[in-house]
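Which chain is which? The protein sequence lines are A and B, in order. Residues 11 to 457, numbered by the working numbering, are exactly what the first sequence covers, in order. Residues 11 to 457, numbered by the working numbering, are exactly what the second sequence covers, in order.
Don't read these hints as lab results, they were simulated from the structure. It cannot be assumed that every hint is accurate.
As the list makes no split between identical chains, a pair holds if one copy fits it or if it spans any two.
Claimed, not checked - No farther apart than 30 Å at their CA atoms in a straight line, the calculated lysine-lysine pairs in the DSSO-like style are these:
#, residue 1, residue 2
1, Lys-129, Lys-142
2, Lys-68, Lys-142
3, Lys-142, Lys-108
4, Lys-357, Lys-95
5, Lys-363, Lys-377
6, Lys-95, Lys-108
7, Lys-68, Lys-403
8, Lys-12, Lys-187
9, Lys-399, Lys-374
10, Lys-263, Lys-377
2 protein chains.
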Amino acid sequence: MKSGLVLLTGNGLSPMNYTDNTYRFRQDSNFLYYMGINQPGMMALIDCDEGESILLGKEPTIDDFIWTGPLDSLSTLGERIGVEKVVAIHQIHPMLSKALEAGREIHYLPPYRADNVIKIHRWLGISLDDAKEGYSIPLIRAVVAQREIKSEEEIVAMEKALEVTAEMHLTAMRTAKPGMTEAEVTGKVHGVAVGHGGGLAYPIILTVDGHNLHNHRHHNVLREGQMLLGDFGAETDEVYSGDITRTFPVAKKFTTQQKEIYDIVLQAQLDAIEASVPGTTFKSIHILAATIMAKGLKELGIMKGDLSMAVEEGAHALFFPHGLGHSIGIDVHDMEDLGEAYVGYDKDTIRSKQFGLRSLRFGKALKPGHVMTVEPGLYFIPELIDLWKSEGKFTDYINYDALEAYRGFGGVRIEDDILITKSGNRLVGPTIPKEIEELEAIRGEAY
Amino acid sequence: MKSGLVLLTGNGLSPMNYTDNTYRFRQDSNFLYYMGINQPGMMALIDCDEGESILLGKEPTIDDFIWTGPLDSLSTLGERIGVEKVVAIHQIHPMLSKALEAGREIHYLPPYRADNVIKIHRWLGISLDDAKEGYSIPLIRAVVAQREIKSEEEIVAMEKALEVTAEMHLTAMRTAKPGMTEAEVTGKVHGVAVGHGGGLAYPIILTVDGHNLHNHRHHNVLREGQMLLGDFGAETDEVYSGDITRTFPVAKKFTTQQKEIYDIVLQAQLDAIEASVPGTTFKSIHILAATIMAKGLKELGIMKGDLSMAVEEGAHALFFPHGLGHSIGIDVHDMEDLGEAYVGYDKDTIRSKQFGLRSLRFGKALKPGHVMTVEPGLYFIPELIDLWKSEGKFTDYINYDALEAYRGFGGVRIEDDILITKSGNRLVGPTIPKEIEELEAIRGEAY
Numbered sequence: 011m012k013s014g015l016v017l018l019t020g021n022g023l024s025p026m027n028y029t030d031n032t033y034r035f036r037q038d039s040n041f042l043y044y045m046g047i048n049q050p051g052m053m054a055l056i057d058c059d060e061g062e063s064i065l066l067g068k069e070p071t072i073d074d075f076i077w078t079g080p081l082d083s084l085s086t087l088g089e090r091i092g093v094e095k096v097v098a099i100h101q102i103h104p105m106l107s108k109a110l111e112a113g114r115e116i117h118y119l120p121p122y123r124a125d126n127v128i129k130i131h132r133w134l135g136i137s138l139d140d141a142k143e144g145y146s147i148p149l150i151r152a153v154v155a156q157r158e159i160k161s162e163e164e165i166v167a168m169e170k171a172l173e174v175t176a177e178m179h180l181t182a183m184r185t186a187k188p189g190m191t192e193a194e195v196t197g198k199v200h201g202v203a204v205g206h207g208g209g210l211a212y213p214i215i216l217t218v219d220g221h222n223l224h225n226h227r228h229h230n231v232l233r234e235g236q237m238l239l240g241d242f243g244a245e246t247d248e249v250y251s252g253d254i255t256r257t258f259p260v261a262k263k264f265t266t267q268q269k270e271i272y273d274i275v276l277q278a279q280l281d282a283i284e285a286s287v288p289g290t291t292f293k294s295i296h297i298l299a300a301t302i303m304a305k306g307l308k309e310l311g312i313m314k315g316d317l318s319m320a321v322e323e324g325a326h327a328l329f330f331p332h333g334l335g336h337s338i339g340i341d342v343h344d345m346e347d348l349g350e351a352y353v354g355y356d357k358d359t360i361r362s363k364q365f366g367l368r369s370l371r372f373g374k375a376l377k378p379g380h381v382m383t384v385e386p387g388l389y390f391i392p393e394l395i396d397l398w399k400s401e402g403k404f405t406d407y408i409n410y411d412a413l414e415a416y417r418g419f420g421g422v423r424i425e426d427d428i429l430i431t432k433s434g435n436r437l438v439g440p441t442i443p444k445e446i447e448e449l450e451a452i453r454g455e456a457y
Numbered sequence: 011m012k013s014g015l016v017l018l019t020g021n022g023l024s025p026m027n028y029t030d031n032t033y034r035f036r037q038d039s040n041f042l043y044y045m046g047i048n049q050p051g052m053m054a055l056i057d058c059d060e061g062e063s064i065l066l067g068k069e070p071t072i073d074d075f076i077w078t079g080p081l082d083s084l085s086t087l088g089e090r091i092g093v094e095k096v097v098a099i100h101q102i103h104p105m106l107s108k109a110l111e112a113g114r115e116i117h118y119l120p121p122y123r124a125d126n127v128i129k130i131h132r133w134l135g136i137s138l139d140d141a142k143e144g145y146s147i148p149l150i151r152a153v154v155a156q157r158e159i160k161s162e163e164e165i166v167a168m169e170k171a172l173e174v175t176a177e178m179h180l181t182a183m184r185t186a187k188p189g190m191t192e193a194e195v196t197g198k199v200h201g202v203a204v205g206h207g208g209g210l211a212y213p214i215i216l217t218v219d220g221h222n223l224h225n226h227r228h229h230n231v232l233r234e235g236q237m238l239l240g241d242f243g244a245e246t247d248e249v250y251s252g253d254i255t256r257t258f259p260v261a262k263k264f265t266t267q268q269k270e271i272y273d274i275v276l277q278a279q280l281d282a283i284e285a286s287v288p289g290t291t292f293k294s295i296h297i298l299a300a301t302i303m304a305k306g307l308k309e310l311g312i313m314k315g316d317l318s319m320a321v322e323e324g325a326h327a328l329f330f331p332h333g334l335g336h337s338i339g340i341d342v343h344d345m346e347d348l349g350e351a352y353v354g355y356d357k358d359t360i361r362s363k364q365f366g367l368r369s370l371r372f373g374k375a376l377k378p379g380h381v382m383t384v385e386p387g388l389y390f391i392p393e394l395i396d397l398w399k400s401e402g403k404f405t406d407y408i409n410y411d412a413l414e415a416y417r418g419f420g421g422v423r424i425e426d427d428i429l430i431t432k433s434g435n436r437l438v439g440p441t442i443p444k445e446i447e448e449l450e451a452i453r454g455e456a457y
């Protein structure tokens, strides 16, 4: 940013059912990245002309000591992070007004919380709609260029998040048994994340209805014969995320049908990881995974015909309606607040409008320093199957009769987080069992 | 409400770090009480002139089936709760505009979430400040009159919340050991609440720094010789709350000093519960508890002089700076969104401005059907002690020299939830150990 003022909006506390009963504090990720302070009610200004950074906040009072415990003074915080100046938060409005009067430009990132939209509206004297839409695209591009390449320190922080995430998944594998509710297993898993001093990177998906992709309900009772899909990860107190999915049978062993579908997804995931090297577009790896899965489904008699045509036309998306993966870092969908168009696509890669492929959050070429999730899946969604069948959709590629045997199957997804290196890629965090034999061995411990 | 339209604002999903990564959904409590639907993005209108209730929301789409799983149609929801009409949510703005044009009054409750403030601002065509402050006091009074008296069904729901809450506390008592972090114990406790399909009624307080009253940090390592204060409760999936505090030593046994302070708090709590009968003001019971604790502190040589004068002047608040308790129900501080002035005080009971007593959320006379927390506590807050000492405050009543022996003690609080009955009161939920002998027995299980 060559000139103007950059306003970084820190987050406030978010009310649940009244002002003072708040959710776990989540600092804004850009504020964390540039300012490193994980406390509510702070703002920052970076003066691009003067080369000066200013931290704005409130000094702790005796009431804070009584109710919250000791807090650092603003100047201590400022010294810790090395800003040039600290200023009381109530000065921000006059400071911004003065800058606007002097004709200076104020750059800010897209606000995603209503309280910050209102603040920008008030401080910059613009309408709510303009506050929401008036963010700086050059600033977005500058932030994406920095944040998308993870530093060594960031990788260390992510490894920690994935250590906890691995423990969460092993806990699920060692706990789930027929007769338990999904909620009971979810409680154990959630407890592991909290136990390490952090929380969840996103709401836990842990369900025998794995075909409902972002199902956050946990009311089902686990039954022998079902597959349990667990998609969850820790957010550490340093605020980096893990995002792992594992799918395993509620029973000790996979059925033949479960093995057949699982093997297809696993093969697609392993091949997609292998293909994830610098210079390759993630979109082409998505297509690769889709093609491998279509091939597997053809072998089972579920798909048919010319598979490269089927994938090009999007017939496979009946079973794989989401994207292969996304960038991950401080956020589980890293920088999603800045807009997927800027994070996952560029002038060379246009986002598709096709069902399935349009859900791919990241299509552009991989670079060393990118951290990506790789998470192919196969699902049998009764409502979608019935709809497509009734519309006579893709009858050249889909054998709808064969699908009757998969009603109630649910879904399988397998997900790991990888770092793109100069020569290829490597797993971030510990290896978490995903081979059928490994899973069956560990599932024995639950019984 | 004799005329006009009542607008009940349901809550939306609350973003963490970007729009689509949201906190656990918490419906607005008033919406829950009157509409009973625990889903985001809904509104309700009650036409007081026509005697008609209208539910507004969105019909599920095929995308919902793919991403969320099956959802009820608006008409199914409407039939379930017995409203006269269901209407698509985008109709609410024109409906309200039409009502305003016809000169009708729109009554709404205080909005505490910024997104709902913006909605009211847009729909009613008033400024953000007016939207925030333009709530209806007659509507508040009408809602408080209904919600403060708990029905039998509500008591059943609260008993369930307290069953889970009891299990959370027993888990803490059976888990905590020297060398563990507060976070590890917190994880186990949090996991119990999630495991029952609900969540937390409020952020968990679980700390050896119990003198920081609303301390939500869990970074300390537990050490023999410390007291561990746990203040937490479940919010069930029916959305009723429990709120219990227990304090016990990290060691298996209380030290003599710990016993002495604990016994004072326990005596105050037992006597305060006994005094909680219809017709008695909760303010007088607060004073009773304060007096009992001041007496105990005098016996230990910490306080001195004329105790009734000391309590009247507020000297005891150095050790007991918060209120004795509050109303509880759907919210842990029930109806705090409506304003404590309307919930906890009335024309006969004015809120005090004195340090300590001013933090009492509920001062008015008790009635059958009230559910109250009773939670006296004693704390040794170094910063506050040093401040008062340096100011020479209450030297007639406080023996500052004796306090040196209590530096690092932390705090003790004991809290139960009681229902005021016609003849007196009874505990809501199961009995949770609080006698020293009981606690020492159960603490043995952790070791």
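Results for each hint:
no., hint, verdict
1, Lys-129 with Lys-142, "both (11 Å within a copy, 14 Å between copies)"
2, Lys-68 with Lys-142, "both (25 Å within a copy, 24 Å between copies)"
3, Lys-142 with Lys-108, "both (22 Å within a copy, 28 Å between copies)"
4, Lys-357 with Lys-95, "neither (39 Å within a copy, 49 Å between copies)"
5, Lys-363 with Lys-377, "within (25 Å within a copy, 62 Å between copies)"
6, Lys-95 with Lys-108, "within (17 Å within a copy, 52 Å between copies)"
7, Lys-68 with Lys-403, "between (60 Å within a copy, 27 Å between copies)"
8, Lys-12 with Lys-187, "neither (59 Å within a copy, 55 Å between copies)"
9, Lys-399 with Lys-374, "neither (33 Å within a copy, 65 Å between copies)"
10, Lys-263 with Lys-377, "neither (39 Å within a copy, 59 Å between copies)"
When each numbered hint is compared with the structure, violations occur for hints 4, 8, 9 and 10.
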